[in-house]
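Chains as they are written, first to last, in my numbering: chain A, 1 to 294; chain B, 1 to 385.
The hints are simulated quantities; they were obtained by calculation from the structure and are not laboratory data. Some hints here could point you the wrong way.
Here are a few chain B residues that sit away from chain A, every Cβ distance over 12 angstroms (derived from the structure) [said to hold, decoys possible]:
1. Arg-192
2. Thr-247
3. Val-328
Only some residues are given here: those of chain B computed to face chain A with a beta carbon under 10 angstroms [claimed, not checked]:
4. Gly-9
5. Glu-58
6. Leu-62
7. Gln-65
8. Thr-191
9. Pro-200
10. Ser-202
11. Val-234
12. Val-311
13. Ser-313
14. Glu-329
15. Gly-332
16. Ala-367
Simulated restraints on C-beta separations [said to hold, decoys possible]:
17. Ala-240(A) / Arg-24(B): 35 to 41 angstroms
18. Gln-88(A) / Ser-149(B): 56 to 62 angstroms
19. Asp-153(A) / Phe-89(B): 40 to 46 angstroms
20. Ala-9(A) / Phe-89(B): 20 to 26 angstroms
21. Arg-122(B) / Gln-88(A): 53 to 59 angstroms
22. Ile-118(A) / Arg-24(B): 46 to 52 angstroms
23. Lys-91(A) / Phe-89(B): 33 to 39 angstroms
24. Phe-89(B) / Pro-283(A): 55 to 61 angstroms
25. Ile-244(A) / Gln-30(B): 55 to 61 angstroms
26. Gln-249(B) / Phe-13(A): 40 to 46 angstroms
27. Gln-88(A) / Arg-42(B): 31 to 37 angstroms
28. Ala-9(A) / Glu-193(B): 26 to 32 angstroms
Just so you know, even glycine gets a beta-carbon here, dropped at the ideal spot from N, CA and C.
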Amino acid sequence: MVEDVKFRASYNFAFIDESTKKEVRRKILKAVCIPGYQVPYSSPEMPISRGWGTGGLHLTLSLIGPRDVFKIIDQGSDASVNACSLRQFVKRMTGCEVTFDTAAATLIQSRHRVPEEILTDKQILVLQVPQPEVLRGVERYEFKTRQMHAEADYAKIWVSLYEAYVRFGTMMRGSGYPIRVNGRYIATPSPIPRWDVPNLSMAHCLYLFGAGREKRIHCIPPYTKVEPLEFEDVLFHVEAFPGIRCAASGEDNAFLDEVYDDEGTRKFVINDSNFLDKVRSGPRPSQRLFTNPD
Amino acid sequence: MGYVAVKGGQDAIDNAAELVEYYRWRERPQPIETTQVRSQFRLLIDKVMGEGSLYSPEHAALALQQVEGDVFEAAFILRAYRATLQRRFYSDTLNTRDMFVQRRISSAFREIPGGQVLGPTRDYTQRLLDPSLARDTPGIDAFLGEFESRIDRTKLRGVTSFSKVIDLLMSEGLMRRDQYTDEDRRVVDITREAIKFPAPRSARLQMLARAETGGLMCIGYSTMRGYGESHQTVGELRMGTVPVRITDQSGRKRYIGRIKVTEAEMIGRVAVKKKGALPLLSVGYGLCFGQNETKVICMGMLDSALRNPNVNSPGNNQEFVLYHTEGVELYGFTNHLKLPHYVTFQAGLHNLRDVVDRAEKQRGVRAAEFAAVAAAAAATPKPRL
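Here chain A stands alone, though its shape is the one from the complex:
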């Protein structure tokens, strides 16, 4: 008797079938070997929308094992609705322990933020990437951008930074500030604020970047040099919050969200929700802080 599997409702561990997981892992290894290079991969459809973290999920689900402790944040917050939805999915498909505690997690998936707390060499940070091609803004064709990377022909992006500077007096790159990885490939750090960019360099942990819709993986291995693009006389700056303190904790030196209450009064609150919790309960976890040049 042939088993009727037409309306079967069970799924493989971590949802993705084993041969696809193997393929993704091999592509991750390639990305580790060539830091900053975008490796194409199969990117099968996931039961969540394209553009909502499918690339991150591919990485997470092909790496996660039953003993991993999983944390997921969206815009710095554990409680953001999409983070909740993805956490529920990963938990349902793996049975893994999930946590809000940055230090307790072995695998962290994030959208648009690197946690404030220093990550260790026992941790992997998976970042969701909407547009992996850092050159897309200056060259629309994929065929050409791949050539430009191969030839390290980055003139166009330098010119775009220069033009923004002469026009506005600043590089005008908010999130997703372009970086050079290991002295070779220019890559996107994903749309993290500039505040987080210095933390990518010479870190203890592995940073993986998954772009599901565009079907690309890139990587910053531990202890790899990452430089934000800057000119000799016009240097990279992170966001400054001069004289502003978090309204919930009274602390400073963290990336702050601008929030408005019902009366329209503006306040600032620490963005990283787990960091805020720890700051309030104490002791304050250690951070790597960047000092803006004068």
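For chain A, the structure is supplied; the task is to place chain B on it using the hints.
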């Protein structure tokens, strides 16, 4: 307090899902059965199967039911479900000459071998809203009885397959199998590897076959209306069922069933490159699951257009066409704008405020300079004339 540290996300999601169910059922309607969706929304099912890239009317019907009829959502669910299934075999190449034809027409010739078969189509009906459907149930049994009584069952097994219209053109030498000598003919599987450009024709056709119908129509139409220079002729449009065969491990061919497909062969002109070379006719190919004639016609037009790259018209541009008609991706990314973006927005706001501050300071400096000059001028006694 509207702080981000508030942990209410999960409750909000659960409540939202519950509200969807509430609005669906609050009028206590009679639930539709999957078999009803399957048989009475045939064209919708066909569209969802094609864009969902999975030939399974039952699963397509389930998906449609689950999402209250949203085609994008249903196709997306089917794709996601498809991705959980292991690919055990690749089918042998379908031969649409073996098609059990339900409909086939050619607009290139008045009469074609085997004849024009109009088949089931709404093309020549007046699109008048039929209010009687709201009042009466159609007399199905009476209709079927009357219809079937007119069928001569002895003739049912007469003609089942037809030769192709392009065979006529090939035999005359106006179209040749080897006319695209320098084409990339590798067969790739776009579900197993990311597409790279320039893409081989197999990848282009696979992507077009899974593309969103409206998207294909938009770009296909543009090639006829000034953004490209094509106005092709429907060489042949046929719809019917074709047998699917696989080769098993022992090398034996196995018949595994039939699927319904629509196929279009759009005839145009090959651009002659060499001087003195004879002009040839080209064929643009379209094929998709089920009955979706709009889709295959546009697919055929775009197949031709993509063979003639031209960055000045979107339809002739591989990256533009293939990246921007992939419905599941378009739909997902467009809707991702609803996700919170306050970190990225904040980072951008910082830049903008810096620029504004700097401009205001400069304006302040200039205003101060102007005031000083004006004051000095006022203080200087004017010479009397």
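Do the hints match the structure? See the list:
With a closest Cβ-Cβ approach of about 5 angstroms to chain A, Arg-192(B) is found to fall inside the 12 angstroms limit, against its non-interface label. No beta-carbon of chain A comes within 12 angstroms of the beta-carbon of Thr-247(B); the shortest separation is about 20 angstroms. Distance to chain A contradicts Val-328(B) as a non-interface residue, since its nearest Cβ pair spans about 6 angstroms, not more than 12 angstroms. About 4 angstroms separates the beta-carbon of Gly-9(B) from the nearest beta-carbon of chain A, less than 10 angstroms, and the hint is met.
Nearest Cβ of chain A to the Cβ of Glu-58(B): about 7 angstroms, under the 10 angstroms cut. The hint holds. Because the closest C-beta pair between Leu-62(B) and chain A is about 8 angstroms apart, less than 10 angstroms, the hint holds. Using the Cβ-Cβ criterion of 10 angstroms, the hint placing Gln-65(B) at the interface with chain A is not satisfied: the shortest such distance is roughly 13 angstroms. For Thr-191(B), the interface hint holds, since its Cβ comes within 10 angstroms of a Cβ in chain A; the closest pair sits about 7 angstroms apart.
For Pro-200(B), the interface hint is violated, since its Cβ never comes within 10 angstroms of a Cβ in chain A; the closest pair sits about 14 angstroms apart. The interface hint given for Ser-202(B) is violated, since its Cβ lies 16 angstroms from the closest Cβ of chain A, which is over the 10 angstroms cut-off. With a least beta-carbon distance of about 32 angstroms to chain A, the hint placing Val-234(B) at the interface is violated under the 10 angstroms criterion. Look at Val-311(B): its Cβ gets to within about 8 angstroms of chain A, closer than 10 angstroms, so that hint holds up.
Against a cut-off of 10 angstroms between C-beta atoms, the interface hint on Ser-313(B) is violated, since the closest Cβ of chain A lies about 15 angstroms away. Given the 10 angstroms rule on beta carbons, the hint for Glu-329(B) holds: about 4 angstroms separates it from the nearest Cβ of chain A. Taken as an interface hint, Gly-332(B) checks out: its beta carbon lies about 3 angstroms from the nearest beta carbon of chain A, inside 10 angstroms. The closest approach between the C-beta of Ala-367(B) and any C-beta of chain A is roughly 19 angstroms, which is over the 10 angstroms cut-off, so the hint fails.
Checked against the hint of 35 to 41 angstroms, the pair Ala-240(A) and Arg-24(B) fails, with Cβ atoms roughly 50 angstroms apart. Gln-88(A) and Ser-149(B) have their C-beta atoms about 58 angstroms apart, which keeps the hinted 56 to 62 angstroms range intact. Roughly 44 angstroms separates the CB atoms of Asp-153(A) and Phe-89(B), a value that falls within the hinted 40 to 46 angstroms. The given range of 20 to 26 angstroms is respected by Ala-9(A) and Phe-89(B), whose C-beta atoms sit roughly 24 angstroms from each other.
Checked against the hint of 53 to 59 angstroms, the pair Arg-122(B) and Gln-88(A) fails, with Cβ atoms roughly 44 angstroms apart. The hinted range of 46 to 52 angstroms is satisfied by Ile-118(A) and Arg-24(B), whose Cβ atoms lie roughly 48 angstroms apart. Between Lys-91(A) and Phe-89(B) the beta carbons are some 34 angstroms apart, a value that agrees with the proposed interval 33 to 39 angstroms. A C-beta distance of roughly 60 angstroms is found between Phe-89(B) and Pro-283(A), which places it inside the suggested range of 55 to 61 angstroms.
Checked against the given bound of 55 to 61 angstroms, the beta carbons of Ile-244(A) and Gln-30(B), roughly 59 angstroms apart, stay inside it. The hinted range of 40 to 46 angstroms is not satisfied by Gln-249(B) and Phe-13(A), whose Cβ atoms lie roughly 27 angstroms apart. For the pair Gln-88(A) and Arg-42(B), the supplied restraint of 31 to 37 angstroms holds, since their beta-carbon distance comes to about 36 angstroms. Distance hint check: the CB atoms of Ala-9(A) and Glu-193(B) are about 29 angstroms apart, consistent with the given range 26 to 32 angstroms.
In summary, the structure is inconsistent with hints 1, 3, 7, 9, 10, 11, 13, 16, 17, 21 and 26 from the numbered list given earlier, while agreeing with the others.
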